[in-house]
Structure formats: C-alpha cells, structure tokens
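The lines below spell out each chain.
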Amino acid sequence: MVLSLIHGLVLAFDVGVVREYLFKDIIVHAAMRTLWISVLAQALGVGFGIAAAVARNLKIPVASQAASIYVWFFRGTPLLLQLFFWFFVVPQNAPNDIEFGIFAIRHSWFVFSPFQAALIGLAVNEGAYMAEIVRAGIESIERGQMDASKALGMTNLQAMRLVILPQAVRVIVPPTGNEFIAMLKNSSLAAVISYNELLFVARGEWARNYKIMELVTVAGLWYLFFTSVFSVLQAELEARLRPEQERQGLMGILRRALTPPGDWTGSTGDRR
Amino acid sequence: MLRTSQGLRWAALAVTAAAVLAAAACGGGTSSKDKTATAGAKPAGSPAVTKAAGTATAAGAKIDIAGVDELKDGSLDIGSDVAYAPIEFPDEKTQQPIGLDVDIANALADVLGVKAKFNNSGFDGLLLALDGKRYDVIMSAMTASDERKKTVDFVEYFNAGSGIVVSKGNPKAIKSADDLCGKKVAMQEGTTQVDFVVGTVDAPGGQDKKCKDAGKDGITVLKFGTDPEAVQALASGQADAEMADFPVAAYSAQQSSGALEIVPNQIEPAPYGIAVRKSSKPLNDALTKAFAEIKKSGKYDEILKKWNLEAGKLP
Chain A
1 MVLSLIHGLV LAFDVGVVRE YLFKDIIVHA AMRTLWISVL AQALGVGFGI AAAVARNLKI
61 PVASQAASIY VWFFRGTPLL LQLFFWFFVV PQNAPNDIEF GIFAIRHSWF VFSPFQAALI
121 GLAVNEGAYM AEIVRAGIES IERGQMDASK ALGMTNLQAM RLVILPQAVR VIVPPTGNEF
181 IAMLKNSSLA AVISYNELLF VARGEWARNY KIMELVTVAG LWYLFFTSVF SVLQAELEAR
241 LRPEQERQGL MGILRRALTP PGDWTGSTGD RR
Chain B
1 MLRTSQGLRW AALAVTAAAV LAAAACGGGT SSKDKTATAG AKPAGSPAVT KAAGTATAAG
61 AKIDIAGVDE LKDGSLDIGS DVAYAPIEFP DEKTQQPIGL DVDIANALAD VLGVKAKFNN
121 SGFDGLLLAL DGKRYDVIMS AMTASDERKK TVDFVEYFNA GSGIVVSKGN PKAIKSADDL
181 CGKKVAMQEG TTQVDFVVGT VDAPGGQDKK CKDAGKDGIT VLKFGTDPEA VQALASGQAD
241 AEMADFPVAA YSAQQSSGAL EIVPNQIEPA PYGIAVRKSS KPLNDALTKA FAEIKKSGKY
301 DEILKKWNLE AGKLP
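Protein sequences, first through last, are from chains A and B. Counting from 1, one number per residue, gives the positions in the first sequence under our numbering. Counting from 1, one number per residue, gives the positions in the second sequence under our numbering.
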C-alpha cells in the first residue's frame, strides 16, 4: 500500500501543472489575500490580547470581568464555529436601524462580507489566545518593577505602558510568532464563508481540472514560503531584543534562523 | 529470549509490526471478501437473478444483475449531498433522506432486486469518491454536463435548468442571467451554476465574461459548502441573488414564507443523471433497463407527481 502511494506520487505527478499554477494570477492573488488577512488579524489580535491581559492584571472593574468572559468564550469554542457565527448568525439577528437624532446604528453595518467576517472572526479569536500569552509575559516580570514604578509616581497604566510591557515583550515574542504561523494556516478556515483565500481557490481549481496532487503541492509551497520567511524575521526580532548580539550579515541571519537560542545546557544565553 | 528486557522489546516491536501489517492488509483490501461471501447466499425473494432477462414485458419482472459486481452485496450504494430539497433532503422527524432522488432510487432498486442506500457527503467531493470506489453510483441532482461526461457516464432521469432566487420584491430587478452583471451571487461549490457563471476548462469565462465583454461589471461569486448556506447569505443581504437548480430554487423560495422569490425563467435546462464509473458498463446497462421499466410501469410519473415536478419529466 505504501509502495502504491509512492508509485502514484512519483509517476503520476505532473510537475508542469505545478509550474503552471505556482505563479498563476488567481493563485498569487489568493496567496496575497491569505497573507494580508493573517497579518491584519494577528495585529488586531495582539491589540485585543494586550487590552484584555492588562484589564485582568490591573483588575480594572467591569473591564476585567468582561476580559475574562471574552477569553473563556473565544478560546472555548472552535474557530470554525466562530466564523459561521460572524458570517451567518450576526447578520441574521442584527437589529433594524436604530436612530438617535443625528446618530444611527444601521442594520447594514452588521451585514458582513466574507472578508469582514473572516477578519473579525480571526482577530477576535486570536485576541483571546494572545491575552493568555501577554498575561504570561506580564507575570514573568518581578513585582519589584511595578512597585518601583509606583514609587516613582506612575499610575498603573503608565507603569504598564512604560516599564512592564516593554520588558514583557521578550517573553511574548516567541509564542506570538507561533501564533502567527498558526494564523497563516487557520486563515484557510475562512473558505467556509467564501473568503477567496489560497486553499479555497486551489480547491476551486482542482475541482475543475482534477489535479489534486499538483494543486495541493502549489498551495503547500506557498504556505511553506510564508512560514519560512516569517521564521527568519522572528529570529531577527528576537536577536534585536537581546543585547550584544553579533550580526554578521546574511550568514548571521541564516545561522540565527536555524539555531534556537540557548545552548546544550538549556540556558537562554543572556548571562554575561 | 523473552526473559531479558531487550528480548521483550524486540518481541513487542515484532507484535506491533505484525499488527500494523495485518491492519493494512485488511483495511486496504476492497470488499472482494464480502462479495464472494454473499454471492452464495441469494436473497430469498428474488426470482429472476439467474434467469436471463433483458427488457421484461410482464409487470413486476426483475432484471438480471448477475454480471453486475457492484450489486453483488445486495445494495446500491449511492453517494449524495442530502441537503438539496426537494431532490434529496433529510426528513424533519426521522432525519432519513427523502425526496425525488430517493424515491426514484428506491423504485430502480426494487426493479433490480437490491436495496438503495444513500450516503451523505459533500457535493464537490462526490465524483472523486466515486472514482475512488467509495460508492457504486452518485445520485445527487447532478447535471449530466459535458464537463462531467469526460470522467463518468450518466443514466439520465430528469430535466432541470438553473433558477435564480432573489429577495422579496426583487429589489435589484433581476429578471434574467444578464441582469446578474455587477451583482453578488451566492451558490453551492462544485455545482453547474458555478460553471455557468465562471466557465469551465473548455469554455472559460461563463456569464461573468459575457458581462465584462458587454462592458458591464463582472459577477462576484460567493461559494458555500451547502445550498442552505448560500440561501442564508441571500436572506441576510450578503448576496443579491442565489442560484441553484430550478426545482431547488423554487422550493427555497416557497419555504421562505415570502422573504424570497424565484425568478420565473429556467436557465439552460439539462438532464440530471445517475453518475456511474466508465468502467462499470454492466451497472450502467442494468440501471438504464431499470429506468425504462419504471417509465413503462408508470412509477416514474407517480413519483414526479408526488413532488410536483412533472415539469422536469424526461421524455
């Protein structure tokens, strides 16, 4: 059975089709849409996550409880379900136009297009996961930092913004990088609400020409390309967050991208 | 040898390897074992299985299926997307498939002396599953298009075109396919409606291209896994129109309690067919004969009348 699979893959595989579709307009546009929505949703998600984590950490009344419910609900339900919710359920149950004098809330604002529903769904979902990551980052900073900031006369929020969060960034970056790579792949779920992302478009093409193997390869290559480029960028970002690192040009970049930080003893290499 | 822990490890490895190989051998094999087992046990009430038959003249006579591999297990396994009222959809109370296709399949199965079994699966994967021998046939309101005829054969049984559903009052004034230019149209993935709008490999462009050639805006297509989702997109206002096979579109409009209406003209009527693998000639013949039989016996007309679909009768 394994032999027949290999036989099928090697002999029936049409490299010409792969070459034809890899840079075809329709595929490239779809790949760009995947990248675009992933970047946007991740950026918004980080924002929501920081807001939720800070609200819970500083125990801001009402906001803290709301943040806890937000994290519970959006981590507790499948992303696919959430996408259906934003695209089908919200427009169906949106209120009719409400007017207050010159202001109004219009029903049509809630009739989300595939792009809008996908963006909201992915961002809100990501925010719930980011809230926990940011929380880990904040809690990794010793209490002394907060006490010292308050002693200097800062408010809670100022301390957070100027002292705690900047230091927490080092702890937050690696898992966030992980989240972004997951986001690139999760974006393929938006196909169910007809967002023309990479995998959906590839499926449309193979439904037409039956060349599933080749188009799966094309889509796979694009995803690999995005995640690989991003991994290099993440390694660079981590390097710049660490003091006194040798750069050594392109080779340095590649070396850092391919080696995890730390050595055999498991230390994180920041002891000087 | 089993005394040492190393010996124990080798033994465990050997057992696991044997289990994996055995599982692969059993799982990978087709139901050839099943077929030889049941070929001996003939179903009690089928009189004509071994007698030569061909087109029978007496009412109730069966058709010879001895040479049909797929039917040796006594069951016609049908792949279908059971979410397409009134052609095939789940009964509200029993959740079992009902509809035009179900009744016709049952009628054909009766004549062949087997049982029809519907298996629910996503529409756009059905032909691939048929090719992979997961099912005997596909019967899912599938249009016998030229595109599909390249890879499968069809036993035709009904005539239907595409229909357009719009919101109550037809606010975007869509009266025909040409009025779809510049609009957002929802539909189900893998359907001939998609081919109609975006074209096929042989005839690229479709209605979308026609619009652009005429200087108008193209058609924005919203594709969904099931037809009800596409209808919901229309109902919520995310699409200006929805396209599906005409009987299905008419049924959606009918079920919407006035929120949706059907645009009266049928677009490009074409026959529905039961999809059969090109390699399954005996099955194809058996089904063709069975269909001729139910037309002759009046069962076909009876079923069409039940579902109010006499308009689609195949002459």
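Simulated from the structure, these hints should not be mistaken for laboratory data. There's no promise every hint is true.
As a list, the in silico DSBU-like pairs of lysine-lysine whose alpha-carbon atoms are at most 35 Å apart [stated by the list, open to error]:
1. Lys24(A) to Lys210(B)
2. Lys24(A) to Lys313(B)
3. Lys281(B) to Lys185(A)
4. Lys211(A) to Lys216(B)
5. Lys211(A) to Lys296(B)
Each hint tested on the structure:
1. A distance of roughly 22 Å separates the Cα atoms of Lys24(A) and Lys210(B); the hinted pair therefore holds under the 35 Å criterion.
2. Restraint check: the Cα-Cα separation between Lys24(A) and Lys313(B) comes to about 43 Å, which exceeds 35 Å; the hinted pair is violated.
3. Restraint check for Lys281(B) and Lys185(A): not satisfied, since their Cα atoms lie roughly 43 Å apart, outside the 35 Å limit.
4. Our distance criterion of 35 Å between C-alpha atoms is met by Lys211(A) and Lys216(B), whose separation comes to about 33 Å.
5. Only pairs whose Cα atoms come within 35 Å are accepted, and Lys211(A) paired with Lys296(B) is rejected, the gap being roughly 42 Å.
Comparing the model with each numbered hint stated earlier shows that hints 2, 3 and 5 do not hold.
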